[in-house]
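Undergrad: We have chain D; now place chain V onto it with these hints.
Line by line, the protein sequences give chains D and V.
Quick note, in this note's numbering, the first sequence goes up one by one and the last residue is 455.
Quick note, in this note's numbering, the second sequence goes up one by one and the last residue is 1366.
It should be emphasised that the hints constitute simulated quantities derived from the structure, not laboratory data.
The hints are all genuine.
Think about it this way: if two alpha-carbon atoms lie no more than 27 Å apart in a straight line, the pair counts; the simulated DSSO-like pairs of lysine-lysine are:
id : chain 1 : residue 1 : chain 2 : residue 2
1  : V       : K1028     : D       : K279
2  : V       : K1120     : V       : K1071
3  : V       : K1192     : V       : K1071
4  : V       : K1028     : V       : K1216
5  : V       : K1073     : V       : K1028
6  : V       : K1232     : V       : K1216
7  : V       : K1028     : D       : K277
8  : V       : K1028     : V       : K1071
9  : V       : K1138     : D       : K442
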Amino acid sequence: MVDVAMTGPRGPKPKKAFSSRNIMLYGILILISVYYLLPLYVMIVTSLKGMPEIRLGNVFSPPLEITTAAWTKAWSQACTGINCDGLSRGFWNSVQILVPSLILSISVASVNGYALSHWKFKGSETFFTILIIGAFIPYQTMLYPIVILLREIGLMGDLGGLVLVHTVFGMPILTLLFRNYFTSIPEELFKAARVDGAGFWGIYFRIMLPMALPIFVVAMILQVTGIWNDFLFGVIYTKPDTYPMTVQLNNIVNSVQGVKEYNVNMAATLLTGLVPLVIYFASGKLFVRGIAAGAVKG
Amino acid sequence: MSNHSVEIRNLDLSFGAVNVLKDLNLDIHEGEFLVLLGSSGCGKSTLLNCIAGLLDVTDGQIFIKGKNVTWAEPSERGIGMVFQSYALYPQMTVEGNLSFGLKNARLPKDEIAKRVARAAEILQIEPLLKRKPGALSGGQRQRVAIGRALVRDVDVFLFDEPLSNLDAKLRADLRVELKRLHDQLKNTMIYVTHDQVEAMTLADRIAIMKGGQVMQLDSPANIYNKPRNKYVAGFIGSPAMNFIEGELAGGVFKAEGFEASLAEYDWATSAPADGPVTLGLRPEHILTEDQVDSGTLRTQVLADLVEPMGADTLVWSNLAGHPFRFRMDGQAVVKAGDMVPVGIDMSRASVFDVASELRL
Chain D
158 MVDVAMTGPR GPKPKKAFSS RNIMLYGILI LISVYYLLPL YVMIVTSLKG
208 MPEIRLGNVF SPPLEITTAA WTKAWSQACT GINCDGLSRG FWNSVQILVP
258 SLILSISVAS VNGYALSHWK FKGSETFFTI LIIGAFIPYQ TMLYPIVILL
308 REIGLMGDLG GLVLVHTVFG MPILTLLFRN YFTSIPEELF KAARVDGAGF
358 WGIYFRIMLP MALPIFVVAM ILQVTGIWND FLFGVIYTKP DTYPMTVQLN
408 NIVNSVQGVK EYNVNMAATL LTGLVPLVIY FASGKLFVRG IAAGAVKG
Chain V
1007 MSNHSVEIRN LDLSFGAVNV LKDLNLDIHE GEFLVLLGSS GCGKSTLLNC
1057 IAGLLDVTDG QIFIKGKNVT WAEPSERGIG MVFQSYALYP QMTVEGNLSF
1107 GLKNARLPKD EIAKRVARAA EILQIEPLLK RKPGALSGGQ RQRVAIGRAL
1157 VRDVDVFLFD EPLSNLDAKL RADLRVELKR LHDQLKNTMI YVTHDQVEAM
1207 TLADRIAIMK GGQVMQLDSP ANIYNKPRNK YVAGFIGSPA MNFIEGELAG
1257 GVFKAEGFEA SLAEYDWATS APADGPVTLG LRPEHILTED QVDSGTLRTQ
1307 VLADLVEPMG ADTLVWSNLA GHPFRFRMDG QAVVKAGDMV PVGIDMSRAS
1357 VFDVASELRL
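This is chain D alone, in the form it adopts within the complex (with noise of 0.2 Å):
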């Protein structure tokens, strides 16, 4: 009875690395990773390539001779149409695009959401509703009555009027997203803040705006993201001189004429993504706490 006590099994059972478990998880977690992976390697490597080389046909292997000249030619001087500058124009139409139209909607947004959340009023759950269903309209059928909407108002080919189309159509995620963060916070919180003194601004700016920052880097990834990324809307509502990153990407990458220059198209669509995957890697993990505090109460 003595013995079996003491050389019993005893203390944390001792785990095997290499179990079959294991290498089953890490091996289809590699292969997956690989093959998301392996169309970036391939655009990064044919980007920093020379046209020559590309000729021969090796997609995989990596650059004998690195040259940026791809990512020059991509920034500065590729054609569209009749410009012949390259995507910078499209990057700075974009941050034109971009900068107004987040500020914009996630301002209106958040102050929606804390409206719908702590000052209820007659009728605002029939406009959330509304609002909400504002999500599951197709955007197609609303292209053109855009237009003529643009139109009238003397928008239309502007930048001001794509940045009011983003603001709208921003608007039901973004109304449901700060909405439910806000209810999440304590409403006595908020009668407090109202024996306090503190009115409708005073409570927002004071105490709702400081407890809800991770939800402001959600919204503004989501914004960011979707505004960048946005192609049928800035092909539809600008003109050739205002068309935003991704209509000139594509402009470059179909255009017909000429040689295919792959290195430089590589560099153009890399060029392109590179703003929302910069934001991303900047705030990833605020995003996820952030996604997490609305789901989670208390």
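TA: Same frame as chain D, now just chain V:
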């Protein structure tokens, strides 16, 4: 309308078809500690929110210091409120929390500093002023929450179950502190709780609420000794009062195998008619061991179950076909199956009418 601090006149509040408060009237004296006591859903917190101005009333009026504040904003009513979840602003320091209301009222800086310092001194939270609420313990947070009401220099303090989130020991400590604070400040305080110990110990008067109405508004002693109806009698006291159904016939209570003269009973109505009544006996008023003989009535009951609790022992048994609990001394030697002699002092009993459930 002279020395009443808070007056509530014919207050109605309904959410849709649900009437939470029904034609409620309440007068609260200057400097009084009033406890609103009731089980959950009785409307006590709703009433407090109405007084604070956080809920719009459906009908009726609210006066604070003789001024009609029915339509006034919470901050204009001269009230301070303490919440169950503390509701401290998490991103502000303790000092920021205390001064937030004063800054909103645009008070001069030196006045704000003076009031914060005074509140911090009263509540002994001076070392915590630079900390954020996240770095405080539950008791400290609740102190800060009380401080936030204190700095506002108001006439009326409202407490919404302020101690319910604390552990038992801390609750007892803070309860005593609250009582001291009231003795020191002499403000009117309205305190909502479902804990009858808090109610009994803190209150000058207790308002027992049920279904949006005040069942009884009286001193703790009167509520305990002379509950106005069966609900109040059963609600106050732990373990709960024993109820025995029976008949009243010529000043004698009669139940199955049990008779008791009510000659010494202090009748609420002058001449109660004979008929079905309920006799209420508090477990702690049952006389046992060497005191049995001092009761007006003596009998023997069979102990079903014995719960020793240290200071005293609770015995479960049966009397006249009804469950019957009584309290014995903690040192008493008694076990299940014993016949225990008990004495009953009818002058401390309560008698209720069966139909109206009112005290007779």
